[in-house]
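Peer 1: All chains should be built: construct the whole structure from the sequences, respecting the hints.
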Amino acid sequence: MTAFILRRSLQSIIVLLVMSLIVFVGVNLVGDPVDMLINPEADQFEIDRVIRELGLDRPVAEQYWYFMINAFQGDLGRSFVFGEPALKLIIQRMPATMELALFSLFIAISFGIPLGVYAGLKPTSKISRTIMASSILGFSMPTFWVGIILIMFFSVNLGWLPSTGRGDVATYFGITSSIFTLDGLSHLFLPAFNLALFKLSSVIRLARAGTREVILQDYIKFARAKGLGEGRIIRVHLLKNIMIPIVTVIGLEFGSLIAFSTVTETVFAWPGMGKLIIDAIYNLDRPIVVAYLMIIVLIFVTLNLIVDIMYSFLDPRVRIKGVS
Amino acid sequence: MDPILQIKDLQTHFFTKAGVLKAVDGVSLEIGAGEIVGLVGESGSGKSITGFSIMGLVDAPGRIVGGQILFKGQDLAKLSPAEMQAYRGNRIAMIFQDPMMTLNPVLRIETQMVETILSHDSSVSKIDAHARARDALGLVGISSPDERLRAYPHQFSGGMRQRVSIAIAMLNRPDLIIADEPTTALDVTIQGQVIHEMQRLCQETKTALLWITHDLAVVAGIAERICVMYAGRVVEQGPNANVIAAPMHPYTTGLLGSVPGQNRRGQPLQQIEGMVPSLMNLPTGCAFQNRCNLVSDICTSTNPDAISTKDGRLVRCHNIAAGDSA
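As they're listed, the protein sequences go chains B and R.
Position one of the first sequence corresponds to residue 65 (the numbering used here), numbered consecutively onward.
Position one of the second sequence corresponds to residue 505 (the numbering used here), numbered consecutively onward.
Calculated from the structure, these hints are not laboratory results.
There's no promise every hint is true.
Heads up, simulated BS3-like pairs for lysine-lysine below, C-alpha to C-alpha not over 30 Å straight-line [as the list claims (entries may be wrong)]: (1) R/Lys630 - R/Lys710; (2) B/Lys285 - R/Lys521; (3) R/Lys576 - R/Lys814; (4) B/Lys190 - B/Lys339; (5) B/Lys186 - R/Lys521; (6) B/Lys285 - R/Lys630; (7) B/Lys285 - R/Lys582; (8) R/Lys512 - R/Lys582; (9) R/Lys582 - B/Lys186; (10) B/Lys304 - R/Lys630; (11) R/Lys814 - R/Lys630.
Some but not every residue of chain R turned toward chain B, in silico, with C-beta under 8 Å [claimed, not checked]: (12) Gln589; (13) Ala590; (14) Asn594; (15) Met598; (16) Phe600; (17) Met605; (18) Thr606; (19) Asn608; (20) His624; (21) Tyr656.
Backbone N, C-alpha and C fix where the C-beta goes; we use that ideal spot for every residue, glycine too.
Peer 2: Printed below as a string of structure tokens:
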């Protein structure tokens, strides 16, 4: 197990290095941040001073070298716009995005699995057909459009939920989050639901497909022959088997939930990392873009590792070497 | 001997889009307490569906449409699903064909055994249930059962898994075990061991056994009585020795002829020509008419009734001479 984690960590570092190179070169190819930062009326002397200050007068290779040296000391550069460390800015915004992503995941799992299992157990019923048809809608409707419709319906027409921003936060067990206050939850619900919709649909479809396959297996029939109740057959015998693919997909997609919350955060003016990266891209704030992408890569790599480890706990047939 | 199970004119039909498939169409058979009965037939003869009908586990679109399944006098076909569940795995247990598929791959053997006990008697403590599971494993010849309880199915070989299935079936000391081709998927040597084990356990515990198979040779070795099924009906049933030594129904004769034997070495193996007719569209008269070499006019017009013979057999064939009937 330790060897496995070590090997994977080493691979992760290589991935990070390659990613940093691609990202760094990539952002240096587009646009000129100086145009965005400086007063249009500034003279050439002033422009040259800013370019030197930001280090943009040096060759890209040299810039990358200094970036790497600083990165190993935990410094991913300073934001051109805010003048503060990029890492600090991103980490400040991270709790808001994490909370949104986790709450979305919670919605996707807690509704997706029961609905999918139901649709798998009773594939011909009207309710199941409705669930499956809705899941296709969930897949195919663009997130930003659904977000706007949700705001129109629940905030503007019905006036039930606030349309934008993050609500009050409270701190319990050392975690500061808006899920601990009623106001916070009411702000969180619409964007979380919006972000969850796509994942909800995929969980429904995975759970249904898994159920349809597993329910026909001999071991389910054997469980019935043992006289087990339908409840136990579904909760233990069926669910444990269909969870294997679901955990894999959910785990891997949690990264994309964080990375692509950008759209939802923009629609709902959610003060998270997604909003920050969009603003940074507009302003050509290179250090923030690079730092953000590095963090996302790190999250993906870590999630992959966690999924692999969890997988081995769920499926005894793929125990990682060294774990009994 | 009082029959523990009495099936009377059982009909299990499948209502498919293409029409009604009469998988089991008027099966009657009896099993005495502690008796071993072999139910023989080729694929699609309805032998497995007969077994599942007894268990109340016929999958949709199948349904028991007629007849009685009397278990100790109680008609199982009339029970509610909840009442039937109390019998399953408790008074009547079942063993399946493919041991690689019958155990849940993600649950420990212990979980799969203990739940069988607790679902029928929640008053049993976890410790007692564990002890019973361990003893059951020991009984079917699995060494170091304590250790093996903690294992997962993939850590067992096919033969060992089938022993585990047998142990699970035996857990609640059932009165009847239905074994649906339990040795078909096993190596010949393992097959022999498992058959021997089953025979010994049933004798020791006085458990009746319905052994479903397509292999007459297996059944000839262990069954006290043999039922031969063809196209959803029992065509011949009687004491093992009589049926094997002197089959009366042409289908049984054909089946016995298809078993390779030492005294016929070098000669071509006999076979039953043709195929089982579609159960969706059975011919008028005897279902075996198109493959029978004794076919006559009456065979194509009337379905033969079961005739009981002097030596205690029931045979559905027009060719049984009147003198044979009792």
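Peer 1: Now tell me, hint by hint, if it's right for this structure.
Peer 2: Each hint tested on the structure:
1. R/Lys630 - R/Lys710: The hint holds at about 27 Å.
2. B/Lys285 - R/Lys521: holds (24 Å)
3. R/Lys576 - R/Lys814: Holds: R/Lys576 and R/Lys814 sit about 27 Å apart, inside 30 Å.
4. B/Lys190 - B/Lys339: At roughly 41 Å apart (the allowed maximum being 30 Å), B/Lys339 and B/Lys190 break the hint.
5. B/Lys186 - R/Lys521: holds (18 Å)
6. B/Lys285 - R/Lys630: OK: B/Lys285 and R/Lys630 at ~24 Å, within 30 Å.
7. B/Lys285 - R/Lys582: holds (21 Å)
8. R/Lys512 - R/Lys582: Holds: R/Lys512 and R/Lys582 sit about 13 Å apart, inside 30 Å.
9. R/Lys582 - B/Lys186: holds (24 Å)
10. B/Lys304 - R/Lys630: Given that 30 Å is the threshold and the Cα spacing comes to 22 Å, the pair holds.
11. R/Lys814 - R/Lys630: Cα-Cα ~54 Å, so violated.
12. Gln589: holds (5 Å)
13. Ala590: holds (7 Å)
14. Asn594: Holds. Min distance 5 Å.
15. Met598: holds (4 Å)
16. Phe600: Holds, because the Cβ-Cβ distance from R/Phe600 to chain B comes to roughly 6 Å (cut-off 8 Å).
17. Met605: holds (4 Å)
18. Thr606: This interface hint holds because 4 Å falls under the 8 Å limit.
19. Asn608: Hint holds; R/Asn608 Cβ to chain B Cβ min 4 Å, cut 8 Å.
20. His624: Interface hint status for R/His624: holds (6 Å vs cutoff 8 Å).
21. Tyr656: holds (4 Å)
Consistency with the previously given hints fails for numbers 4, 11, ordered from lowest to highest.
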